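Peer 1: So the protein lines, in turn, are chains G and D.
With our numbering, you'll find the first sequence wraps up at 369, consecutive numbering, no jumps.
With our numbering, you'll find the second sequence wraps up at 1276, consecutive numbering, no jumps.
Note that these hints are calculated values from the structure, not bench results.
Here the structure is a predicted model, which means the values were calculated and not measured.
Among the hints, a few may not be true.
[Unchecked claim] For each label pair, taking beta carbons as the anchor points, the in silico distance ranges come out as: (1) D:Ile1105 to G:Asn310: 55 to 65 angstroms; (2) D:Phe1266 to G:Glu107: 39 to 49 angstroms; (3) D:Asp1162 to G:Asn278: 36 to 46 angstroms; (4) G:Glu367 to D:Phe1184: 50 to 60 angstroms; (5) G:Ser132 to D:Val1256: 25 to 35 angstroms; (6) D:Ile1105 to G:Met219: 52 to 62 angstroms; (7) D:Ala1085 to G:Gly39: 50 to 60 angstroms; (8) G:Leu170 to D:Tyr1259: 44 to 54 angstroms; (9) D:Asn1062 to G:Ser132: 47 to 57 angstroms; (10) G:Phe306 to D:Ala1093: 49 to 59 angstroms.
Note that CB positions come from ideal geometry on N, CA and C, so glycine has one too.
Listed here are the chains, written in short residue letters.
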Amino acid sequence: MASIRFKGITKKFGEFVAVSDLDLEMNDGEFVCLLGPSGCGKTTTLRMIAGLETPTSGQLLIGDRDVTFLHPKDRKISMVFQDYALYPHMNLADNIAYPLKVRGEAEAKRHARAREVADVLKIGHLMERMPSQISGGQQQRTSLARALVYPSEVYLFDEPLSNLDAKLRLEARGFLNHLQRDMGMTAVYVTHDQAEAMALATRVAVMDAGKVVQYAPPMEVYRRPATTFVANFVGSPPMNLLPVEATIADGALQLKADRVSVAPLPVSRSAAAALKNNGKLTLGVRPEHLSIARGGEANTVSGQLFANENMGPEKLVTLERDDAARFTARIFTDDVIALDATVTLGFSSEHIHLFDPAGARLPMDGEPV
Amino acid sequence: MRSYLGLYFTRIGFSVATALIGVFFALPLVWFIFAPFNPRAELGLSIPEPFSLANFEAVFQNGFAMRGLWNSLVQSVGGVILVGAGATLASYALSRSPIPGKSVITYILLLFSSVVSGSAAMVPIFLIINGIGLIDTQIAVILVFAGGLLPTAMFILRDFIDSIPKSYEESAMVAGASPVQAFFDVALPVIRPGIVVVVVWAFVSIWGSFLIPFILLRSSEKMPASVAIYSFYSEAGTPIVTLLAAYSLLYSLPVVILYLFVSWKFGFRFFGGIKA
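Here chain G stands alone, though its shape is the one from the complex (with noise of 0.2 angstroms):
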């Protein structure tokens, strides 16, 4: 096991800038999710790593290692893809065992190494089938063996569950876990989504267009996203944002918007260098920090009933107000929730998020930055 450090890394293809001056740290043991929209550059970066694209600039290094200019089979890696790339002329014995063909095991020892392996990730008793005669589930788990099979320093993973359906998904994330906790291996993993982000990594490298818009713990992520793009971006539903009017008065924050009350908030630091004294700013609450509330009470936003979304244990209520744009509130209950075509939505303060107009948060004085 090894760490991982980006120095200044920048890939462009032709004018196009995948990744740009990318300054990024992975500690040895360590489970790191790159986690954005398709087109943000984290799957370049995971190439980077694996040795399959080459940067324009910058240096990288696996433990001391320099590896910018470094062949992929020269590397200490494994990786999974997205498409899994079995062999199809090879069954799954010798596909497992593949890397250990390459570094010349005789083929008894390498056989039984691949199904130690496929015994654990339950697949032993298929080791004779082709790749085209197992079910997807079982292709992810083989091409997750082959990766398991040999020793490396870093483990890679390319979206390596979204082909599969929504329930064998959750079962090999839990795996994958599971895994983790029982080797801490370091591991980078691609995904666009966030469940997955959170659930899997010890960091978090949220990623919009070329740049890591924020590096932390996944809590810290979810409790304290660095801009609106990561505020958006995890949780589900997403955290519902909202513009408002701030003046600072009377030694205190209020904020206004057309049917919304907010109580006043104390000055932050950081509110009071961004507004001097008004100005507009981006009001922030996670759909599962609202509850249906009366109208004309602080703390509340109001509008028309859009949608009434029963998801078993919640619910989601969502409302549209005057400017098109949406509320989403995540109930709690397994009760019918009646609902009037007018809809309010309460929070308390302390589940307020505050953005600046270029995007990045507000923090409150004494949350760390």
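Please arrange chain D on chain G, whose structure you already have, making use of the hints.
Peer 2: Only chain D this time, still in chain G's reference frame:
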């Protein structure tokens, strides 16, 4: 009821029409199978009476014609090896390497191939082969065929390789394979169905060609079957139908066998390694 009756007659009419067309195309094939065994065969279709192998005996005694079959095999196999190996390596490189403008290169190659192997290029080809002193050698025939077929073979194969995900070789290299190992262990077996198509196509092309060996070869003992078949014409240019029929059947056998072998041995069996 009436519409059902209409449908009924439409189907019958359609079947009769297709059957007639089928018969029209089947007749030459039936002649092709019957005539070699008929010692009194003519251009008309007739069932062999008596059924005899006399035609084949006469053909087997014609040393020039028999050597022609062997020469055809030498030239075809030689050409196929060059085309198969060359096209596989070249189209793999064209498909996987990041050369700018590589599709333009492929299209230009394709354009040239239609010129190079066409009759229009016969004079320059003859002059070149003459200039490097390869006239009247099998090598000359093999090289000219390979040169003529390679661009199209590369074009076909590059398209095929383009459709195969790169992650096969990438996963092999990440697992510790060198590019050469990744090519032979993983890429080549996956590309094989495409190579088989190209190889069969090249074999059939060379096997049936007349003009290039006819022009580049002089001594009769090097002529392929496509040229040697003229030894079954009389001095006046009229075909000796009995012997010609027997020889034609022999001449077509290797191609038929190749097709049967390929469809038995290969075919597109490998799927499922990549989850779409």
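Peer 1: So which hints don't hold here, by number, going up?
Peer 2: 2, 3, 7
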